[in-house]
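**Student:** Residue numbers (the working numbering), protein chains in the order written: chain A, 1025 to 1379; chain B, 1025 to 1379; chain C, 1025 to 1379; chain D, 1025 to 1379.
If you are wondering where the hints come from, they were derived from the structure by calculation, not from laboratory data. Small disclaimer: the values here were computed from a predicted structure and weren't measured. Some hints here could point you the wrong way.
Identical copies carry no separate label here, and so any pair may be met within one copy or between two of them.
[Unchecked claim] In silico PhoX-like links for lysine-lysine, alpha-carbon gap of 25 Å or less:
no. : residue 1 : residue 2
1   : Lys1065   : Lys1216
2   : Lys1135   : Lys1326
3   : Lys1065   : Lys1038
4   : Lys1326   : Lys1154
5   : Lys1038   : Lys1154
6   : Lys1154   : Lys1242
7   : Lys1242   : Lys1291
8   : Lys1154   : Lys1133
9   : Lys1345   : Lys1291
There are 4 protein chains.
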Amino acid sequence: MDFASDNASGADPKILAALVAANGGSFPAYGADPYTARAEKMLCDLFERDCSVFFLATGTGANALALAALTPPWGAIFCHEDAHVMDDECGAPEFFSAGAKMVGLPGYKGKIAPDVLRETLAAYPRGLIKQVQPASLSVSQANECGALYSIDEIAALCEIAHAADVKVHMDGARFANALVSMGCTPAQMTWKAGVDVLSFGATKNGTLACEAVVFFDKTLAEDFDYRRKRGGHLLSKGRLLGAQMIAYLEDAHWLGLARRANESARKMADMLATIEGVRIPWTPEANELFVIMPGRMDAALKAAGARYYDWGARGLRDAEKPTADEVFVRLVTSFATRDFEIERFVEIAGASSPA
Amino acid sequence: MDFASDNASGADPKILAALVAANGGSFPAYGADPYTARAEKMLCDLFERDCSVFFLATGTGANALALAALTPPWGAIFCHEDAHVMDDECGAPEFFSAGAKMVGLPGYKGKIAPDVLRETLAAYPRGLIKQVQPASLSVSQANECGALYSIDEIAALCEIAHAADVKVHMDGARFANALVSMGCTPAQMTWKAGVDVLSFGATKNGTLACEAVVFFDKTLAEDFDYRRKRGGHLLSKGRLLGAQMIAYLEDAHWLGLARRANESARKMADMLATIEGVRIPWTPEANELFVIMPGRMDAALKAAGARYYDWGARGLRDAEKPTADEVFVRLVTSFATRDFEIERFVEIAGASSPA
Amino acid sequence: MDFASDNASGADPKILAALVAANGGSFPAYGADPYTARAEKMLCDLFERDCSVFFLATGTGANALALAALTPPWGAIFCHEDAHVMDDECGAPEFFSAGAKMVGLPGYKGKIAPDVLRETLAAYPRGLIKQVQPASLSVSQANECGALYSIDEIAALCEIAHAADVKVHMDGARFANALVSMGCTPAQMTWKAGVDVLSFGATKNGTLACEAVVFFDKTLAEDFDYRRKRGGHLLSKGRLLGAQMIAYLEDAHWLGLARRANESARKMADMLATIEGVRIPWTPEANELFVIMPGRMDAALKAAGARYYDWGARGLRDAEKPTADEVFVRLVTSFATRDFEIERFVEIAGASSPA
Amino acid sequence: MDFASDNASGADPKILAALVAANGGSFPAYGADPYTARAEKMLCDLFERDCSVFFLATGTGANALALAALTPPWGAIFCHEDAHVMDDECGAPEFFSAGAKMVGLPGYKGKIAPDVLRETLAAYPRGLIKQVQPASLSVSQANECGALYSIDEIAALCEIAHAADVKVHMDGARFANALVSMGCTPAQMTWKAGVDVLSFGATKNGTLACEAVVFFDKTLAEDFDYRRKRGGHLLSKGRLLGAQMIAYLEDAHWLGLARRANESARKMADMLATIEGVRIPWTPEANELFVIMPGRMDAALKAAGARYYDWGARGLRDAEKPTADEVFVRLVTSFATRDFEIERFVEIAGASSPA
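Chain A extracted, bound-state conformation (with noise of 0.2 Å):
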């Protein structure tokens, strides 16, 4: 009963057995390897578009990275203010940047509101010297609160960004998920509504550790070899992540990964529903549900065993909070999740229901 990251489980079989399969042989090091430019072309036709792609092994490696690519050391990089790249990654993007300012914007449920992004954006005039100046926005698709943003959304915050010559950033550690769930293609929820760079997750979805940064304008990413390097990004055997992402990609075998989920998600949350003293704030979109439940049932379900995170009242308005009886927690589904670790845990909740 581990709903606690989508990152708990190793790899799914399939792209295991793809890593083996690909040890034999000698190959150029340092992503000169065959594996990798296959790779790289499977991205590029997955997004109808020649792209500059770069694999490494972490999320905060490819995001941070990407957002260096797009900001100087006296720019803004525009966020959520829950939003992983600004809580969850100490100060990576401060650093790969050599010191640029995050700012945090609020908004429900990890949201951005395009009012919110027109209203700050104005509030740093280009041009004016004492300040920082505005160089990049970062979206999460899906975002911390397992939300996402529709195609219109983001096209409308991207309008805004580049009216101001800010350019933006997609975080898609959860690309997948949140894909399957709109519905549309990797085009259509990237570059073609604006999106200039995008982390391409892929290990909270299946690989052991693999990350592509894809971007959609090539003049962005001239310097980025060097700063992958230096950064210490760039894998001596490359094939370890070339292989991975083939077999990731290979056959639409990401998609039905994310579908399986995205549907434990929607499973546990029905379920849960119904048992009395749950809420379910926000009905989840891709694979992760928020939910609200008295004390002693969190206590009865830790005490079996179960994983999962607390959550505080973050994303939530006054009205939905907890009460002083309750508490809000994070559950996430993953490719690995098995139905009857669902079943068990909502058992367990039930049985501890105050009904």
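Based on the hints, put chains B, C and D in the right spot on chain A.
**Tutor:** Chains B, C and D in isolation, oriented as in the chain A frame:
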């Protein structure tokens, strides 16, 4: 016939199998898994000391983070002028240290002589505000010329460094190859001789991607968790690193792999030495072999598909340098080098010998 | 009628004369001159404590270097969301700290409330690796809204900060104006209340360019010499700074200058308050005066050549905010403000009053 | 008898008087004052070109900011191994460039030879990802050994640099001394020979604290305003810098000051050369004089209160080096050096001559 680098191969099969075996089950992310814990314990046992151990995926990350932990932004990092940290990491130490100065020392065969270190340190007096302050020394074992420092030599450098309040880092990208050649214990080659922190490489010697930073002085490691996270080098699925390292160390597997690589280098040297026109300036001490050969021999080998790097005249004394008709090349053997590759290489070389 | 800023004037004549008097003779460069030494001594005497004192030419340099001395790259700097260090220094604290994160706290009239600080610190638990670590708190005295913290308020913030192992920096760009208004000693307003390091401003109050960073805890200053040199803030002809500071402090000259500036602000407030249509939301506590006035009064003043800044609605409660027909402006008086400027300003304002 | 440095004196009286004269009135802060504007215009006129000009208070700030504007974090800055930017600024270029690598080139008398530059650049091929990328060359005019590059030599270095897409910075801390010695125009010594950006020093030659960064290629200056502000180098009372620079340049005052300094050096050299036991390896080309003298002469001079620096054996050929009984010292003259100081120095030297 790939002698370009010891990271041209994939992983050793036993290590890969262990990675596959570790795939099942659910564990806390970010290094809080039992594989990581066990691998840390094994390294402490190996070094006969309670160390602070950190795993990551790249040697550049390991070296740069380790040096940053020893060096303030206004500090000097002393190393050989041809060291990997100086020339081959695109400024990673400068990046991770927030702008420390790398000071390259000359020396035959990639080695720093005690007198040269002493004189250099004298030129960086403590407390002279206009100058960067002496902070760390990085020595490579084995080094860029495939040479080894004896234990006495390491101890002499460490003593000089410590007398100037300078900490010592060992770049052990080829630690295993050095160790089996020296015939000493890991402790003798490191902290017993005065080394403060070690980049313990495993990728070149049989893992897919796994390095460890080992602090023998634990007080130096207090900030390392933040540095690693902020640098994007904390992998979410920590078992990827832990499982590789366990299999690498278990049953002295790593020493067997290194021995094989070193024997290949020695055998290849012995065979090449019998060919007229071939000069071997330095007896191979680990798994790197440096050869001066006629230009047409080099051309014949490359035409036959042999892969290796031209080495210019780096590290050679004037009297040793190649003539206009000769080239100086580096041949690297590894755990995966097969005898028939060596034999084929020697055969082609012999066939194009001027004799 | 220049009320734009207290750095619109040149130097106070007595200070300028001292600079001229110090011009003769030959002295060691880079701060090893007797003027610097004497000025350091005078500041230690003033603060009744053996401090580490460093002079430089700009407030941005002083603030950013001081915060960098308190904050590692993975640290958080807490300050008011409208603080000068947050908004008006183009990211200097991020630059000098090698990428620390600035965390802005809300608060009425530019002040941080103890509860807000306590709650914010609770959200940055020590040792949580994914998050930047709490490191420093910066409070401005007087602050961006011209408001003062009482000694008890400073002490309360310092106590909360220290309990979380967070060091306290005071931005004293208008230290003198605050001090004479408070009627306490420099020691009471700083280290006796818990402040660890002070940016002691003198430029806005009568010098040409002279600021001091004063460390009450000398152990925090150990690296400051290198930081200042490396930042290009060690002036070669140190007497420029030392001589200004001596004349500034001698015979309590600085307090007289500040008193004059504060009295001008109070007088101007009293006179403006009698004009119909003018609202003064905050009684001036130092030398900054904030005024809500009709738009046509503002237009008339600007047409007559008055200089001052529009302040939007920053710091105001909703009920206090200007209507669509009003503007909210900041008027700064200084040691050089002359009565006739105030009288002329008030006269024009009165003439355009709706009354 | 202070020959330690040309920044041991205060300001030239005429420049100081101009500073005093500029003290009245109220002007916009942060460089938007008429003094700054006029000084900028005068420098453009002087260089016969529309330049981007920025004033600041220190040479370290000027050099480091200028180099940072030319060099990305993964770039290499080439300079002489004894250059001030290399050795005497505590790593300021590394700091302001966010970790670029300084590469020191050897060369007699502090000068870089064209061939050495060409060979060094060849070792930093464009596009080799593992290595920092060639970005900028810094030449000092006059240099650390008091030597000058001829216009042809500057042009040759610039041509080699530009052919490798490397920008050229000139450290002109002693620009005036070099210029009057060369007898050419400022334009000829800089952009007409290929220099892209100049640190135009004035502090050593008569101002209290005033340097200018002059970009001949204005596109390189686009970010400089932010860099300077963020570095804390934008002075609030800009007239301090503008007024000094105007008085410095007006009526060719600066050239007169430099001529006096150079003449003092030449005169001192001529007089010392007649003393037995004194060797002058390099004819002084600007205002620095390097002298090898017997140890007891050195002791006698120091006992009499003479101030100057020991220079080790830096820059000397083996045949020129001091014996065990000799010392090699640097004597710097300035606009403020008085004849009787020189005469007294020579007298004491002569009295302790072994002759």
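**Student:** Now look at each hint and say whether the structure bears it out.
**Tutor:** Structure-based check of all given hints:
Proximity of lysine 1065 and lysine 1216 under a CA criterion of 25 Å is satisfied intra-copy only: 19 Å inside one chain copy versus 48 Å between copies. For a Cα distance limit of 25 Å, the shortest separation of lysine 1135 from lysine 1326 qualifies neither inside one copy, at 30 Å, nor across copies, at 41 Å. Only within a single protomer do lysine 1065 and lysine 1038 lie at most 25 Å apart by alpha-carbon distance; the minimum there is 20 Å, versus 31 Å between protomers. With identical chains, the CA atoms of lysine 1326 and lysine 1154 are at most 25 Å apart between copies only, with a shortest distance of 23 Å across copies and 51 Å within one.
When the C-alpha separation of lysine 1038 and lysine 1154 is checked against a cutoff of 25 Å, the pair qualifies neither within a copy, at 54 Å, nor between copies, at 31 Å. For the homomeric pair lysine 1154 and lysine 1242, the shortest alpha-carbon distance between copies (21 Å) is at most 25 Å, but the shortest distance inside one copy (31 Å) is not. With identical chains, the CA atoms of lysine 1242 and lysine 1291 are never at most 25 Å apart, being 41 Å at best within one copy and 48 Å at best between copies. Taking the closest pair of Cα atoms, lysine 1154 and lysine 1133 come within 25 Å of each other only across two copies (21 Å); inside a single copy the shortest separation is 33 Å, beyond that limit.
In this assembly of identical chains, lysine 1345 and lysine 1291 lie within 25 Å of each other by CA distance solely inside one copy; the values are 24 Å within and 49 Å between copies.
Hint violations for this structure: numbers 2, 5 and 7, all remaining hints satisfied.
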